[in-house]
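Participant: Below, each chain spelled out in residue letters.
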Amino acid sequence: MDRTNSIRGLDYLIFGLTVFLIFCSIFESQLQLPNLVAWLGRWHPLVLHFPIVLLLIAIFLGLTGKNIPYVLLTAATLSALITAVTGFMLGIEASSKGDLLQWHQWLGTAVALLSVLWYWIFTSVAKRPILQKIIQVFLLITVIFAGHYGGMVTHGEDFLAIPNKKNKKIEIPENPLIYSHIVQPILDDKCVSCHNPNKKKGELLLTDFLALQEGGENGVIIDKTNLNNSELLNRLHLPLKDEDHMPPEGKPQLNEDELIIIERWVALGASDTLQLNQLSNNDILVPIINKLKNPKKKKSWADLPEVDDETIEKLNSDYINITRIASKSNALNVLVFSPPTYSDSLFMLLQPISKNTVQLDASELPLSEIAINIIAQFKNLEWLELDKTPITDVEVEKLKPLTKLEILKVYNTAITDKSIAVIENFHNLKSLFVTETKITKTRLDEFKKTNPDVVVEDGIDKEIEEFFTQKDTATVEEK
Amino acid sequence: MYSFFNNVKEKGLQWNAVEAADRNYFADAPYITISDEDTENILSFVNKKEAESVNVMVMNDSLSRETFVFNRGEYDQPAEKVTFNTPKIILPFTDKYPKNRLGLAMWMTDENNPLTARVFVNRTWEMLFGVGLVETVEDFGVQGSLPTHPKLLDWLAKDFMEHDWDIKYLIKKIMLSATYQQTSVASKAQKKADPENKLLGRAPRFRMTGEMIRDYFLTTSGLLNPEIGGPSVRPYQPAGLWEETNAGGNRGTLTKYIPDTNEKLYRRSLYTFWKRTLPPPGMTIFDAPTRDYCEVRRQKTNTPLQALALQNDVQMLEAARVLAQKTLLNNKDSEELVKTIFKRILLRTPKEKELEVLKKYHNETLMKYSSSIEDAEKLIAQGEYKQLETDPVKTAALMLTAQVIYNLDETITKE
Amino acid sequence: MDDDNKKSEDPLKINRRHFFSQLSVGIGSLALGSLLIPDLFSSKDPGLITHQLGIPQFAPKAKRIIYLFQAGAPSQLESFDYKPTLKKRMGEDLPDSIRNGQRLTGMTSGQDKFPLMPSAVNFKQYGKSGAWVSDFFPHIGKIADELCFVKSMHTEAINHDPAITFFQTGSQQSGRPSMGSWMSYGLGSENKNLPSFVVLTSRGKGNSQGLYSKLWSSGFLDSKHQGVLLRSGKDPVLYLNDPDGLSRSDKRHLLDNVSSLNKIHHVDTGDDEIESRIAQYEMAYRMQMSVPDVMDIKQEPEHIIKLYGEDCQVPGTYAANALQARRLAENGVRFIQLYHQGWDQHGGLPHEMAGQAKDVDQASAALILDLKQRGMLEDTLVVWGGEFGRTNYCQGNFDPKNYGRDHHPRAFSIWMAGGGIKPGITYGKTDEFGYNVVENPVHINDFHATLMHAMGINHEELTYKYQGRRFRLTDVAGDVVKDILT
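Residue numbers (the working numbering), protein chains in the order written: chain A, 195 to 673; chain B, 61 to 475; chain C, 53 to 538.
Possibly wrong hints are sitting among the right ones.
Distance ranges between label pairs, derived from CB positions [stated by the list, open to error]:
#, chain 1, residue 1, chain 2, residue 2, range
1, C, 176, B, 66, 53 to 59 Å
2, C, 345, B, 227, 49 to 55 Å
3, B, 66, C, 344, 50 to 56 Å
4, A, 653, C, 225, 44 to 50 Å
5, B, 247, A, 542, 49 to 55 Å
6, A, 444, B, 124, 36 to 42 Å
7, B, 408, C, 521, 56 to 62 Å
8, B, 128, A, 382, 33 to 39 Å
Calculated cross-link-like contacts (lysine-lysine; reagent style DSS-like; alpha-carbon spacing at most 30 Å) [what the hints assert, rightly or not]:
#, chain 1, residue 1, chain 2, residue 2
9, C, 358, B, 399
10, C, 358, A, 632
11, C, 286, B, 335
12, C, 303, C, 176
13, C, 534, A, 508
14, C, 315, B, 411
15, A, 384, C, 113
16, C, 534, A, 598
17, B, 360, C, 315
18, A, 485, A, 582
19, A, 582, C, 358
Derived from the structure by calculation, the hints contain no laboratory data. Remember, predicted model here, so these are calculated numbers, not experimental data. No residue lacks a Cβ here, since even glycine has one placed at the ideal position from N, Cα and C.
In isolation and in its complexed conformation, chain A is listed as follows (with noise of 0.2 Å):
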């Protein structure tokens, strides 16, 4: 074979790198880098695609029998060295290595090793076929576990696994310690992908209480001494371009409750054993807590049943416009506006969707009975709009199955005391609107006590009214 001078320079290359590579492995624990080599080191994460694909081409042309020309491997052998020695420096600059950092060094050690070795007998004279093809097997092996283990390393170990979301929710008990139920889960979705020990990042872990108590590259992240100075505290709320703001920019950040949680949590001491019974009740911390502990129910109406557009479409006419609530769900809002000619066999209509209307506006209707009739049977309505009709108790009545209402508007109608007692049912009620109606005042603020979460708005605030009704601008100034 006649080669040239610079392709035996590159075998000596690759021969130095090798050597270079063995004295790693053999003497990490002793070695001291300067900072430039460990600059060095942070290339890792850029070079180590090279090999993947370089290798992963050779390999399959190995093992389908075609040329594998000799450019692709030597790019691919050196590259792999690059990669490994790379690795180790950067390997270096992490303190204390977990169990999957270990394997991966290994496993990338064993990857560059390989791919010397298959240089080396395919640059040789003696060809020797069936050991490539051996090599080529173990070398595929390798290089899918050495990027594996590199990849649980970077993203958390849970990174490949099939995402089980139900596992990870934590029931949060009656009376839940602020730590270990409240503050430790935050960490775990927030911090934790970077201080685990496999990272470690600035020698920092945020797994358990011990950990935290320790801190990290930069001492202690809570000062008990000033716990309102604390590290933690201060990175969390630096703006999101600083540098040192944590999360970095690009994770998923904190959001305002869980902020407020942790600020909280330190200011009170930053101690394990608390609980939430201990806390006094204006505590910022206890309303929080109690929403983390009743999550709202999202909006399930993944739940409900298809409908398709041709369906909507039939339907949507000059009088009633019917839309999704957002363009991929099956939630549907129902618009219905008076037609001359208004009959109530118009909401007949609208049944085949009766259980996808979770908003019907049938306001300033000459509603009957049947239409109440049908309404009803929208079991899954959250908003109703039921204002300026001539609907009385006896209809509201009727609605007694709308349990998931959230939103009800019954202005300016008949209806009496007798229907709030309906409306007592309604336990999903947010806002109630009744102004102008024959409700009485006691009977409607007995049940503004009895539901103090439930808006109602019966008319503007009299005092209100007043100083609108007297001090007219228009007027006022000309007098």
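Go by the hints and put chains B and C onto chain A.
Facilitator: Positioned in the frame of chain A, the structure of chains B and C alone reads:
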């Protein structure tokens, strides 16, 4: 390209709208004044009353300025200096052209310029067929569509140039072709095989532009004033539009709309005065562009506001009224009345079924208005055009019949 | 020879072009599959589906917007941005460090001094939120707990025309579709018997600037999305009224004959566009009923009239328009745009602004109260604001009783209410001079993105391809201001 137009001495901004109205310009006055002498000789096509001076917009190349590419379009960041040139890929701007706007004009109409004639022919085709041979008439580039009939486009363009860029010749050529004269009736098979009529197997149907529709009403009713050229006119427009949105008081020059009178009301829509901040609504309702952007291809929408305009615009009502009165005067035979206006508007003999519907309607309206002459008189009081001596009841009935025909899809559609 | 050349060149040319066009079509259709939008109005069911496929992208908080635009730019320093420092340093020159090279209009560029001018009107704190509101707006103060004040708006334009065009269309240069047109294009109409985007105008006595129909133009979008100017006279929509002597039943009779003839022609030509024409005529007929009905304020009870102020009985006033806006919102109009002209106080500010404020204060606040008691604040978003702010220094003679303020794009205040906006908060902050934004700046693009978000639209995804490029309201910028959303 901008270099060609960057040759005006700018004096800098110092005046407001009122002062500008007093002819203080920020740059060289962008017009020339045309005298009687000019119109007698070289500018004979300018329609100008004698001894009246007319200002015509013309840019004055008063000095040559340096042109720069602005960095990211920022006016205060001039970067690379550039000079006159055109895209080489179209046709290099060689030394044979003078380095000014005359040169640019010569370059554009050079017979080796591959674009100009094709683009023009294509736009003419679009005007007549509704869709250009290249559908994206505004874009012959890579984002545009390909011509459906490239050879036809080439031939028409070449033929157009060979006949001295004669537009009348071009239009005649297209309109006399068998393709243009086909029927627009689409059989089921045709619709299935070629729903978009790309192969031109039938004549197209498309709604006319706002200008065309108004002109059509004027022509068919005999109202049209065919005068060519001259200053813009102000036809009917709903009262108060300008007044509601101006800055209050008498600021600016166009604060009140005062419609013209007499024959000026019936000029072609081309001559309608155009206030850019509030274009004539009769035109914009029919998709006339607002003239903020260059818009080559108009939309052809179909909206309820168009239906309202066709029904209730004074111009449209007047057309129906005048047509009715003129027909009544010229036709003694009352049997033929409906047929006559139908033919007048749609230029074809009505089918029996159509005639039946219209006649029935005509008779019913006659009956209705003979019992309420007052209503008939109110109805026919539309427009400024002089009332002809006709019986109000008969006029009202025939006017409404004309209205029915004017509101047909066929009337405002080119087919 | 020439011909020969052509022949030898042509196949190559065509092939290459053909190839590229195929390529672009291929990639394009892959990427845009979801965006391809059929021409809805020429489809078989004319007018039934009016919204864009895939919109709204998520459940909207607001279904409609009422935009109370204060044209001419009301001063933030006499309305909602309270700056006591200006009083302390009254008459001092605006420090260069604050002005920081801000360009000026032609009206004050000649001034050699920029003396700081405090507000001639006092401020009070209102409600639980403690929002500062000037005494020009006592009614708005009363409802401060319903509002979200944004004090950190900023824009790029410094003159009315570009600024207002920017606010309404997302571009300083005119020609783009207006906000309302985008909403109409994206979401369609709720009520098919009314336009989905309407405009109401009024004018105060203050110095005003003209309005232009381009502000509610649909630009390159279909003209059915253009704002319909509702006027106060007897013809609220252009050409709405039938001529005298033609009764409603006569009109019905006429239209019936028009459609029977159209149907005959439809059978003959087979063009479905004719069907669509018939449908549009029917809708026009219905509009002749529905529009005057909606516009008829006389149907309102006494206490509502009182709430908005007696002014609202005078057609064409801001108060009348505000009440009108509520009626339109109730009837399912998507975007209701009010313009009140006359806020351009270059001089005589204390007096002129008092008059302007009187025009709008009570009616704006009444609108909020009225919407609230009807539960409409749940899904109606109200915005109040001008196109930019005004300078903290005096324009013209220095007279604390009678001064003027020039245009100021760097900071100004607006408020919003309802429709998924947090009530009772103040967002953003200006420096002590009220000149620069120091906290949470909100650019016009951000504002647009936020409005669209409230309506269930991802502003980056509602696009329209025109002349070779995809356009959107926010063009290439805009971040949703999440902090003010509920």
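Participant: Against each hint, give a clear statement of whether it holds in the structure.
Facilitator: Do the hints match the structure? See the list:
Under the hint 53 to 59 Å, the C-beta atoms of residue 176(C) and residue 66(B), about 56 Å apart, fit the expected range. Distance hint check for residue 345(C) and residue 227(B): the Cβ-Cβ separation is about 51 Å, which falls inside the suggested range of 49 to 55 Å. Under the hint 50 to 56 Å, the C-beta atoms of residue 66(B) and residue 344(C), about 54 Å apart, fit the expected range. Hint check: residue 653(A) to residue 225(C), Cβ distance near 48 Å, so the stated range 44 to 50 Å holds.
The supplied range of 49 to 55 Å is broken by residue 247(B) and residue 542(A), whose beta-carbon atoms lie about 41 Å from each other. For residue 444(A) and residue 124(B), the hinted distance range of 36 to 42 Å is not satisfied, since their beta carbons lie about 53 Å from each other. In this structure, residue 408(B) and residue 521(C) break the distance hint of 56 to 62 Å, their C-beta atoms being roughly 44 Å apart. The supplied range of 33 to 39 Å is broken by residue 128(B) and residue 382(A), whose beta-carbon atoms lie about 58 Å from each other.
A C-alpha spacing of about 59 Å is found between residue 358(C) and residue 399(B), which places the hinted pair above 30 Å, so the restraint is violated. A threshold of 30 Å between alpha carbons decides the hint, and for residue 358(C) with residue 632(A) the separation of about 23 Å falls inside it, so the pair holds. Among the hinted pairs, residue 286(C) with residue 335(B) is consistent with the structure: their alpha-carbon atoms are about 24 Å apart, no more than 30 Å. The suggested pairing of residue 303(C) with residue 176(C) is violated, with an alpha-carbon distance near 58 Å, which exceeds 30 Å.
Annotation: proposed proximity of residue 534(C) to residue 508(A) is violated, straight-line Cα distance about 37 Å (limit 30 Å). Using a Cα cut-off of 30 Å, the hinted pair residue 315(C) and residue 411(B) holds, with the two alpha carbons roughly 13 Å apart. For the suggested pair residue 384(A) and residue 113(C), the alpha carbons sit about 28 Å apart, so the restraint of at most 30 Å is met. Between residue 534(C) and residue 598(A) the CA atoms are separated by roughly 28 Å; this keeps the pair inside 30 Å, and the hint holds.
For the proposed pair residue 360(B) and residue 315(C), the alpha carbon gap of about 21 Å is at most 30 Å, so the pair holds. Under the criterion of a C-alpha separation no larger than 30 Å, the hint pairing residue 485(A) with residue 582(A) is inconsistent with the structure, at around 36 Å. Straight-line distance between C-alpha atoms of residue 582(A) and residue 358(C) comes to about 21 Å, which keeps the hinted pair within the 30 Å bound.
Hint violations for this structure: numbers 5, 6, 7, 8, 9, 12, 13 and 18, all remaining hints satisfied.
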